[in-house]
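Make one complex out of these two single chains by using the hints.
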Amino acid sequence: MNKIKALLGKDLLVEFRNTFSISSVLLYVCASIYVIYASFINIQPQVWNVLFWIVFLFISVNALIRTFNQEQGSRTLYYYQLAAPVHVLIAKLVYNTIMLFVLGLLSYFFFAIVAGNPVRNFGLFILCIAMGSIGFASVFTFVAAIGAKTGNGQVLTAILGFPCVLPILLVNLKLSANALALIQDTAYTTDIVILVSIEVILVAVSIILFPYLWRE
Amino acid sequence: MINQSWFKVITIVLIVYVFTAGMLRPLNPGILEIDQQSAVAGSVWTANVHTYNTHLSTAESKAWLKLEDNSFIPAKSFIAETDEKAILTFNIPSTLTGSKKVEGATLIISNDQDGSFIRPSSVVIRSDSAQSTNTQNWSTSEISGLKQAHVKGFPFRLILEETIRNIFYHVPLWFGMVMLYLFAVFFAIRFLFKQKEEDILKSYSLNSVGFLFGILGLLTGSVWAKNTWGTYWTGDIKLNMTAIAMLIYAAYFILWRSFKDDIVRNRIGAVYSIFAMCTLIPLIFVIPRLYDSLHPGNGGNPALGGEDLDNTMRTVFYPAVIGFTLLGLWLSNLLYRIKKIDSHLNG
Numbered sequence: 001m002n003k004i005k006a007l008l009g010k011d012l013l014v015e016f017r018n019t020f021s022i023s024s025v026l027l028y029v030c031a032s033i034y035v036i037y038a039s040f041i042n043i044q045p046q047v048w049n050v051l052f053w054i055v056f057l058f059i060s061v062n063a064l065i066r067t068f069n070q071e072q073g074s075r076t077l078y079y080y081q082l083a084a085p086v087h088v089l090i091a092k093l094v095y096n097t098i099m100l101f102v103l104g105l106l107s108y109f110f111f112a113i114v115a116g117n118p119v120r121n122f123g124l125f126i127l128c129i130a131m132g133s134i135g136f137a138s139v140f141t142f143v144a145a146i147g148a149k150t151g152n153g154q155v156l157t158a159i160l161g162f163p164c165v166l167p168i169l170l171v172n173l174k175l176s177a178n179a180l181a182l183i184q185d186t187a188y189t190t191d192i193v194i195l196v197s198i199e200v201i202l203v204a205v206s207i208i209l210f211p212y213l214w215r216e
Numbered sequence: 001m002i003n004q005s006w007f008k009v010i011t012i013v014l015i016v017y018v019f020t021a022g023m024l025r026p027l028n029p030g031i032l033e034i035d036q037q038s039a040v041a042g043s044v045w046t047a048n049v050h051t052y053n054t055h056l057s058t059a060e061s062k063a064w065l066k067l068e069d070n071s072f073i074p075a076k077s078f079i080a081e082t083d084e085k086a087i088l089t090f091n092i093p094s095t096l097t098g099s100k101k102v103e104g105a106t107l108i109i110s111n112d113q114d115g116s117f118i119r120p121s122s123v124v125i126r127s128d129s130a131q132s133t134n135t136q137n138w139s140t141s142e143i144s145g146l147k148q149a150h151v152k153g154f155p156f157r158l159i160l161e162e163t164i165r166n167i168f169y170h171v172p173l174w175f176g177m178v179m180l181y182l183f184a185v186f187f188a189i190r191f192l193f194k195q196k197e198e199d200i201l202k203s204y205s206l207n208s209v210g211f212l213f214g215i216l217g218l219l220t221g222s223v224w225a226k227n228t229w230g231t232y233w234t235g236d237i238k239l240n241m242t243a244i245a246m247l248i249y250a251a252y253f254i255l256w257r258s259f260k261d262d263i264v265r266n267r268i269g270a271v272y273s274i275f276a277m278c279t280l281i282p283l284i285f286v287i288p289r290l291y292d293s294l295h296p297g298n299g300g301n302p303a304l305g306g307e308d309l310d311n312t313m314r315t316v317f318y319p320a321v322i323g324f325t326l327l328g329l330w331l332s333n334l335l336y337r338i339k340k341i342d343s344h345l346n347g
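Protein chains in written order, with my numbering: chain A, 1 to 216; chain B, 1 to 347.
Please note that the accuracy of each hint is not assured.
Far from chain A, some chain B residues (derived; all Cβ distances over 12 Å) [stated by the list, open to error]:
| # | residue |
| --- | --- |
| 1 | D35 |
| 2 | K76 |
| 3 | E84 |
| 4 | G153 |
| 5 | E162 |
| 6 | E198 |
| 7 | T279 |
Below, in silico cross-link-like pairs of lysine to any residue (SDA-like), each with a Cα-Cα straight-line distance of 25 Å or less [stated by the list, open to error]:
| # | chain 1 | residue 1 | chain 2 | residue 2 |
| --- | --- | --- | --- | --- |
| 8 | B | K340 | A | Y212 |
| 9 | B | K194 | A | A204 |
| 10 | B | K260 | A | L77 |
| 11 | B | K194 | A | I208 |
| 12 | B | K260 | A | P211 |
Label pairs and their in silico Cβ distance ranges [unchecked claim]:
| # | chain 1 | residue 1 | chain 2 | residue 2 | range |
| --- | --- | --- | --- | --- | --- |
| 13 | B | L158 | A | Y212 | 45 to 55 Å |
| 14 | B | I2 | A | Y79 | 40 to 50 Å |
| 15 | B | E33 | A | V47 | 39 to 49 Å |
None of these hints come from the bench; they were simulated from the model.
Don't be surprised by glycine CBs; every beta carbon is placed ideally from N, CA and C.
With the rest of the complex left out, here is chain B (with noise of 0.2 Å):
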């Protein structure tokens, strides 16, 4: 199957469709800083706001501030110095809604070009020096003249901002790890009960691209962390786990190496690949969800689903899953053509 034609070209066209897409498709707009983050009910409330990939300058736009419970006052001036920065003012009523003393409220913005973007929790409004200078209050009705987006980008993170693409290649590279990982303990098995050479050299090279894939994502992984928490590695125990499955699987191509006889190695590899898979089986799937972990879906953190992986992501994100999954058994198909050749030399 992997020697047909359709087969190369379907991953190819993933790949490529992957990269493109992945990298080329722009972000969502969105609020990147705030340089006034407090305000005093009653007051008005003045600050620089940092956006991004938006077009204030050329479009007008409008601002609002919302609170919890849905109600909010419009910006009273709106001035945009450039396409991603602009002054906003604010007269905030004297009193909060309901009786807190402390509330967080939302920062709406919305033009005809970029649609509705927001930041929540923007600024903390507090109510306890209560100064009834101004007569505005908070209106309870529907906001009107949010306005629709024409392109649809990638969600906007906060921290993650444009990282977030890195969810195509990360995540992937390890489910094609994992991928490969059982199809090479498949050959393995089917080695120990058939006896042929063949089956323990496509387990072999399955084993050398999915070591590969996870040195891959290793760095992947580490990029992204220095750009997130800071750092290129931390104590977190996904990566722990990851690093211990990565000297499991060092170790056995020492042992491929370690062997003079080809017919005994064959035999220890793969049983020695079975035994790899079962001790990493806890590592990988059991131990990280019994600690809290950086990592979506340990913690408390969201896992793959809400407004991290949305419907746009998607749509890159599976064909990303599928195209590496492949490209691998592509390349181990190659590797395991070479390892047939040498066999045949040397035997």
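With the rest of the complex left out, here is chain A (with noise of 0.2 Å):
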């Protein structure tokens, strides 16, 4: 438990030191909110859902593709001989979910503010950014470990990222129209209940296969 959190401080402090990679996800958040805003004036509640969730899934890919950047070449080594793998993929784990929670909460935030705010329940969006930020965070971690072992890790995780994260797209979809009253469905909670399913299969895999795509 000290292991991992002394990582994850060591991860928000990287993050803090060098602001470019915080700072240049935030300014894609921002643009890319804007560009929809300014291709499409009138977005209607139907099309509002789909666009949240599709530049909700291109930050993460964005915020996440450079996950395992720091611990490339000679650094892996001196990481190797700390830290259980385990620990290193939960911090990251951790950090990325909470990153990307923050990240969707923001890009709400501006969509409500360009585009209006058209969600109805409030509470089970909410629970739609933490759940899309936790499946999006454990498979674009992954992915981008395996990125980090080939040479162009960026391409290849995008590659890798995006079918494996589109179940979960899919079922976040369906909440969120729900949340936003677009279809009235009284059986939501096996929605959630699939959701959780698949997130916790997702990480538990991570955590089991991540040591053998660690050790050199």
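This is the structure:
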């Protein structure tokens, strides 16, 4: 637990020492949402829902694609001696989930400002963002770890990640359509259960498989 | 095991049997088209009936109209124009049984050569404007003179018709794909434990052939959809999920080719192969069950079973599932041997 905390602190520190990465992601959020607003002007709730999740997906890819950049080359050996691979992964997962959740709330905030706020069930929508953050983080963290092992990691991360993340995205789209009152589905708890079980499987598999990726 | 000759013999026999029996065995006779689908109670109903796989002109045929409560009337006249076309005339009684105003009646045709075949709701009878010009009544006894067919073929289903045979190729290809992917995951896991290069080459070959089966499954499904649903591609949930599954495995092959170092490639290929299978499970087995689908077994459509997969079809369907899986294993074994020679030559 202490190891994970220390690694988490390290990630935060690295992020704020070199604010290039986080500020570029923030600018990406603002720019993409403004581009969407400028091209659509009047956004219907149906379109709002889809656009929000697509923007969130691309933001996630951009934010997480560099997850394992620092752990490449000679520095890997250093980490290898200091921490167990599982701790490294869990720290990254927690850090990425929190970052995505914050980014998700931010993009929701910007969306609400420029394109209106059609959300009816606020709690459910926030839950959607949280679940989406966990799901996207678990897929893209693992895939970024794979990508980091190849020569051209960034392209590969996107190719590998998008199809894997689609089931989560689709269930999330349906759930948030519920939150926007686009569809009236009283049985949305089954969707939540499915989302949770998919994410549990993904996190568990990442934790089991990560040691094999980590060792050289 | 795969290199043994009996394995190859079994595979070839099964595949040849599936293609010959699946393609050559005829369909049961059925009623394709009825040009007049409504009738007024108390009047004479005449219709041109178009049947399929029948011998109406050579065998003496009889026809009946049957209501839901099993009461029936025989045809007044049955004129066979050709083997598959006939003009039927019925004297419809002036009242329906019970107190119904509108009821669908089932047309039954029977002869010595083709046996009996039916079409539910072939004619809708209305009894609102009662013209009591005839004295015919619905008989409530059993229909006598129904014949049994000499040869039992595959079931005749409206819309599906001859394409029902595709179930022997489309469905077993998907079964085979899942089996091959599962074997691939097994070898990937064994590779991570034992670090033998053979295992990961086997896993890669199985994934390749599984992917090929997936493409063939999509193609056979697409052709089938064009003939039954009207388009090559629909927004059906199973199609979407399959498309995603194909993308996941396509990414696997790109990943495999992106490494310069074989040792790193083997390990990461194995890891991704397991990860891909874990994302595939919700895609194929969980999410499609949540949504309505045009496929059998979803959204109130009957699953494998009932009349869509009767015993005559099972005799081809199960051999097809086993045959295609064995064929996949054989193909992947060949691919594995090529890969092994490759790695010996290069390493």
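So, going through the hints one by one against the coordinates:
1. D35: holds (42 Å)
2. K76: Since the minimum Cβ distance to chain A is about 54 Å, B/K76 lies beyond 12 Å and the statement holds.
3. E84: holds (47 Å)
4. G153: Non-interface label stands for B/G153: nearest chain A Cβ at 41 Å, farther than 12 Å.
5. E162: Its Cβ never comes within 12 Å of chain A, the nearest being 35 Å, so this holds.
6. E198: holds (18 Å)
7. T279: violated (5 Å)
8. B/K340 to A/Y212: holds (23 Å)
9. B/K194 to A/A204: holds (22 Å)
10. B/K260 to A/L77: holds (21 Å)
11. B/K194 to A/I208: holds (16 Å)
12. B/K260 to A/P211: Distance ~21 Å between B/K260 and A/P211 Cα, so the pair holds.
13. B/L158 to A/Y212: 45 to 55 Å: holds (54 Å)
14. B/I2 to A/Y79: 40 to 50 Å: holds (43 Å)
15. B/E33 to A/V47: 39 to 49 Å: Given about 44 Å between the Cβ atoms, the range holds.
Comparing the model with each numbered hint stated earlier shows that hint 7 is the single one that does not hold.
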